[in-house]
Amino acid sequence: MSEYGTTPPPGGMTVPPDNKMVWSVLVTLFCCLPFGIVAIIKSSEVNNKWAAGDVAGANASAAEASKWIKWSVITGIVGVVLAIIAYVLFFAALFAASSSSSSGM
Amino acid sequence: MTDANPALAEVVESVGIRLRCLGQPALALAAALAYGVVVHLHDPTQPGNYPTCPFLWLTGWACPGCGTLRASHELTEGNVVGALAYNPLTVLTVVGLGVVWVRWVRRLWLGRARTLAPPWMARGLVVLIIAFWILRNLPGFEFLGPPRG
Numbered sequence: 001m002s003e004y005g006t007t008p009p010p011g012g013m014t015v016p017p018d019n020k021m022v023w024s025v026l027v028t029l030f031c032c033l034p035f036g037i038v039a040i041i042k043s044s045e046v047n048n049k050w051a052a053g054d055v056a057g058a059n060a061s062a063a064e065a066s067k068w069i070k071w072s073v074i075t076g077i078v079g080v081v082l083a084i085i086a087y088v089l090f091f092a093a094l095f096a097a098s099s100s101s102s103s104g105m
Numbered sequence: 001m002t003d004a005n006p007a008l009a010e011v012v013e014s015v016g017i018r019l020r021c022l023g024q025p026a027l028a029l030a031a032a033l034a035y036g037v038v039v040h041l042h043d044p045t046q047p048g049n050y051p052t053c054p055f056l057w058l059t060g061w062a063c064p065g066c067g068t069l070r071a072s073h074e075l076t077e078g079n080v081v082g083a084l085a086y087n088p089l090t091v092l093t094v095v096g097l098g099v100v101w102v103r104w105v106r107r108l109w110l111g112r113a114r115t116l117a118p119p120w121m122a123r124g125l126v127v128l129i130i131a132f133w134i135l136r137n138l139p140g141f142e143f144l145g146p147p148r149g
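Quick mapping for you: the protein sequence lines, in order, are chains B and G.
For the first sequence, position 97 matches number 97 in the working numbering, and the numbering has no gaps at all.
For the second sequence, position 94 matches number 94 in the working numbering, and the numbering has no gaps at all.
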């Protein structure tokens with residue numbers, strides 16, 4: 001598509017790709033990971049490249065943004081699950097320690 | 001009457017078609033309300049109710065999202081000042097999402113194609129969030145929350 005230069009191609013390609021900015025901001029706030037920042041940067045690249053007439057680049061950045069949003073969500077969920085497991089194990093260990101010390105009497 | 005009926009039917013059909021386009025915004029609104037109810041009833045300002053941010057736990061630094069649950073809870077209590085103390089970016093995001101949502105509904109209702117915000121706005125958002133992330137970890141910027149222990 002680079003042969004189109006700096007003007008958007010005619011026809012059905014005048015609708016920009018979804019930059020997923022809302023999702024990028026949401027994962028940054030809720031998944032607490034630097035991946036969200038990368039997603040926001042990729043989302044903003046969609047706006048820049050589209051405005052410059054780079055349709056292929058805008059689509060590529062939109063796909064990159066989606067990828068980082070996906071990884072942010074996955075690591076966020078894994079992090080929460082690990083935190084819950086650690087929490088349960090901590091109290092299980094505490095309980096085991098207290099019961100073994102009392103049985104050791 | 002015979003002239004008005006087809007016109008009326010057309011209007012009703014057109015409104016029906018437009019309403020069917022609004023499924024996604026309706027879902028988003030429902031999700032936002034559900035989030036508000038959960039965060040209102042299950043209080044994040046009480047320790048142990050939610051896991052700690054993994055970034056804060058691993059590095060000791062606040063991420064841009066730290067304090068979002070507590071700020072959201074304060075907003076559901078109507079306490080904007082309290083919300084700003086936990087995370088001003090969250091309050092700004094809630095306002096921004098409201099504007100985006102209204103524009104989204106209007107665009108779908110009018111059947112218009114998606115447009116993108118101007119590049120300076122997207123770039124500004126990137127700079128704002130990264131600057132907020134750095135600043136809230138520096139001495140002298142404690143007001144950017146959340147309160148440090």
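Simulated from the structure, these hints should not be mistaken for lab results.
Ideal placement from N, C-alpha and C gives every residue a C-beta, glycine not left out.
Some hints could be false.
Unchecked claim - Here are a few chain B residues that sit away from chain G, every Cβ distance over 12 Å (derived from the structure): (1) Pro17; (2) Asp18; (3) Lys67; (4) Lys70; (5) Ala93; (6) Ser98.
Unchecked claim - Chain B side only, calculated, beta carbon under 8 Å to chain G, not exhaustive: (7) Val22; (8) Ala51; (9) Val55; (10) Gly79; (11) Val80; (12) Ser99.
Exercise. Which of the numbered hints are not met once you compare them with the structure shown?
Worked result: Violated hints (numbers, rising): 1, 2, 9 and 12; every other hint is consistent with the structure.
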